[in-house]
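Take 2 as the starting number for the sequence shown in the numbering used here and just add one per residue.
Simulated from the structure, these hints should not be mistaken for lab results.
Think of the CB as a built atom: it goes at the ideal place given N, C-alpha and C, for glycine as much as any other residue.
Check before you lean on any hint, since a few could be wrong.
[What the hints assert, rightly or not] Cβ-Cβ distance ranges computed for the label pairs, FRET-style:
#1 G23 <-> A43: 13 to 21 angstroms
#2 I84 <-> F47: 13 to 21 angstroms
#3 A7 <-> Q96: 19 to 27 angstroms
[What the hints assert, rightly or not] Computed cross-link-like contacts, DSSO-like style, restricted to lysine-lysine with a CA-CA straight-line distance of at most 27 angstroms:
#4 K93 <-> K19
#5 K19 <-> K50
#6 K50 <-> K34
#7 K3 <-> K34
#8 K90 <-> K19
#9 K90 <-> K3
#10 K50 <-> K3
#11 K34 <-> K19
#12 K50 <-> K90
#13 K34 <-> K90
#14 K3 <-> K93
#15 K93 <-> K50
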Amino acid sequence: MKGTLAEDDDGGDAYGVKYNPGDTVEIIVTPGKGLDVALQGADGGFISKNDGLKGESETIKLTTDIISGVKKFHVGILPIGGIGDYTLKITKTSQNDGNSGKDASGGCS
Numbered sequence: 002m003k004g005t006l007a008e009d010d011d012g013g014d015a016y017g018v019k020y021n022p023g024d025t026v027e028i029i030v031t032p033g034k035g036l037d038v039a040l041q042g043a044d045g046g047f048i049s050k051n052d053g054l055k056g057e058s059e060t061i062k063l064t065t066d067i068i069s070g071v072k073k074f075h076v077g078i079l080p081i082g083g084i085g086d087y088t089l090k091i092t093k094t095s096q097n098d099g100n101s102g103k104d105a106s107g108g109c110s
């Protein structure tokens with residue numbers, strides 16, 4: 002996905018992805034030259050910040066194993082410096098214990 006953050010875009014852009022417990026969600030946001038961004042979780046706290054030097058683009062990468070029963074993960078992209086375009090890639094990997102395509106029930110003994 003591609004997006005643009007403008008000067009008056011203080012609210013940033015928001016995205017959500019549905020998942021199942023045990024899935025892994027990887028979020029990569031690559032800002033264009035001259036733009037620094039931050040990833041913000043649904044609770045308003047920062048997940049990660051891009052502290053680019055001299056406006057050079059960087060990639061923010063977050064991999065998290067989601068184990069709660071919540072069914073949607075929210076991420077906000079906020080401008081912390083500059084304006085411009087960015088590219089967002091969200092990849093979800095489902096649990097695949099024993100090549101079963103799902104999470105194995107129970108624990109280890």
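Here is how each hint holds up against the structure:
no.: 1; hint: G23 <-> A43: 13 to 21 angstroms; in the structure: 19 angstroms, holds
no.: 2; hint: I84 <-> F47: 13 to 21 angstroms; in the structure: 20 angstroms, holds
no.: 3; hint: A7 <-> Q96: 19 to 27 angstroms; in the structure: 39 angstroms, violated
no.: 4; hint: K93 <-> K19; in the structure: 9 angstroms, holds
no.: 5; hint: K19 <-> K50; in the structure: 23 angstroms, holds
no.: 6; hint: K50 <-> K34; in the structure: 16 angstroms, holds
no.: 7; hint: K3 <-> K34; in the structure: 14 angstroms, holds
no.: 8; hint: K90 <-> K19; in the structure: 15 angstroms, holds
no.: 9; hint: K90 <-> K3; in the structure: 9 angstroms, holds
no.: 10; hint: K50 <-> K3; in the structure: 19 angstroms, holds
no.: 11; hint: K34 <-> K19; in the structure: 30 angstroms, violated
no.: 12; hint: K50 <-> K90; in the structure: 16 angstroms, holds
no.: 13; hint: K34 <-> K90; in the structure: 18 angstroms, holds
no.: 14; hint: K3 <-> K93; in the structure: 18 angstroms, holds
no.: 15; hint: K93 <-> K50; in the structure: 21 angstroms, holds
Comparing the model with each earlier hint shows violations of hints 3, 11; every other hint is respected.
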